[in-house]
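Engineer: What follows is the residue order along each chain.
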Amino acid sequence: DQQVKQNSPSLSVQEGRISILNCDYTNSMFDYFLWYKKYPAEGPTFLISISSIKDKNEDGRFTVFLNKSAKHLSLHIVPSQPGDSAVYFCAASAMGNGMRFGAGTRLTVKP
Amino acid sequence: GAGVSQSPSNKVTEKGKDVELRCDPISGHTALYWYRQSLGQGLEFLIYFQGNSAPDKSGLPSDRFSAERTGGSVSTLTIQRTQQEDSAVYLCASSFDRGGGYTFGSGTRLTVV
Numbered sequence: 414d415q416q417v418k419q420n421s422p423s424l425s426v427q428e429g430r431i432s433i434l435n436c437d438y439t440n441s442m443f444d445y446f447l448w449y450k451k452y453p454a455e456g457p458t459f460l461i462s463i464s465s466i467k468d469k470n471e472d473g474r475f476t477v478f479l480n481k482s483a484k485h486l487s488l489h490i491v492p493s494q495p496g497d498s499a500v501y502f503c504a505a506s507a508m509g510n511g512m513r514f515g516a517g518t519r520l521t522v523k524p
Numbered sequence: 487g488a489g490v491s492q493s494p495s496n497k498v499t500e501k502g503k504d505v506e507l508r509c510d511p512i513s514g515h516t517a518l519y520w521y522r523q524s525l526g527q528g529l530e531f532l533i534y535f536q537g538n539s540a541p542d543k544s545g546l547p548s549d550r551f552s553a554e555r556t557g558g559s560v561s562t563l564t565i566q567r568t569q570q571e572d573s574a575v576y577l578c579a580s581s582f583d584r585g586g587g588y589t590f591g592s593g594t595r596l597t598v599v
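Residue numbers (my numbering), protein chains in the order written: chain A, 414 to 524; chain B, 487 to 599.
With the rest of the complex left out, here is chain A (with noise of 0.2 angstroms):
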């Protein structure tokens, strides 16, 4: 059951614009959400993660935003750097139930 969704499997922006990365979910239950990063041959690593008191979580270029009544985070890197390039994964967590992640954006970052 694909309780965590991101629809978009690729995005490509420019070095210094704005990427946004889109997740959205369909399990009420869930009360924490977090970003991963991925690259090729590596297991994920955490990126930022939201609770659901809060709609928005800032860490350097790196914001979160929850919206709780649409279901739905985003993830907002900017300026984006050649370097963020790597698939994003969107994951969500119940209290006493295991995390699940959306299917995963990847993400070029162009010079």
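Simulated DEER-style distance windows between Cβ atoms:
(1) 466/A x 539/B: 17 to 25 angstroms
(2) 499/B x 509/A: 30 to 38 angstroms
(3) 547/B x 423/A: 23 to 31 angstroms
(4) 570/B x 523/A: 34 to 42 angstroms
(5) 582/B x 521/A: 29 to 37 angstroms
(6) 427/A x 554/B: 42 to 50 angstroms
(7) 514/B x 458/A: 16 to 24 angstroms
(8) 467/A x 503/B: 42 to 50 angstroms
(9) 458/A x 566/B: 29 to 37 angstroms
(10) 474/A x 566/B: 43 to 51 angstroms
With a Cα cut of at most 25 angstroms, we get these calculated DSS-like pairs of lysine-lysine:
(11) 469/A x 484/A
(12) 467/A x 484/A
(13) 451/A x 497/B
(14) 503/B x 543/B
(15) 497/B x 543/B
(16) 418/A x 543/B
The set of hints was computed from the structure by calculation and includes no laboratory data.
Each residue gets a CB set at the ideal place from its N, CA and C atoms; glycine is no exception.
Given the coordinates of chain A, assemble chain B onto it according to the supplied hints.
Structural biologist: Same frame as chain A, now just chain B:
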């Protein structure tokens, strides 16, 4: 150890054989996950261990898959009678709590021929 360690890093097995994949989580981490990533697919949840609670096995695709976590530390994922569709990268992750995200291992690439 400093990170999550998985072994073997690569495994080629014949269809129908059993395989065991091992995960050594970060010391002190109470939560442990197994995921798999098939070619071109996202991360598929398999099983979740949290402390002494009953594991969340809802992601295991069939009864050929099982996992144990001994002493709240090392975990073993066992796949019996492997099939070609089991070929994937199997990732293990551990965490102290949900807040800071999980640390993933580098995965075991399983190829069933």
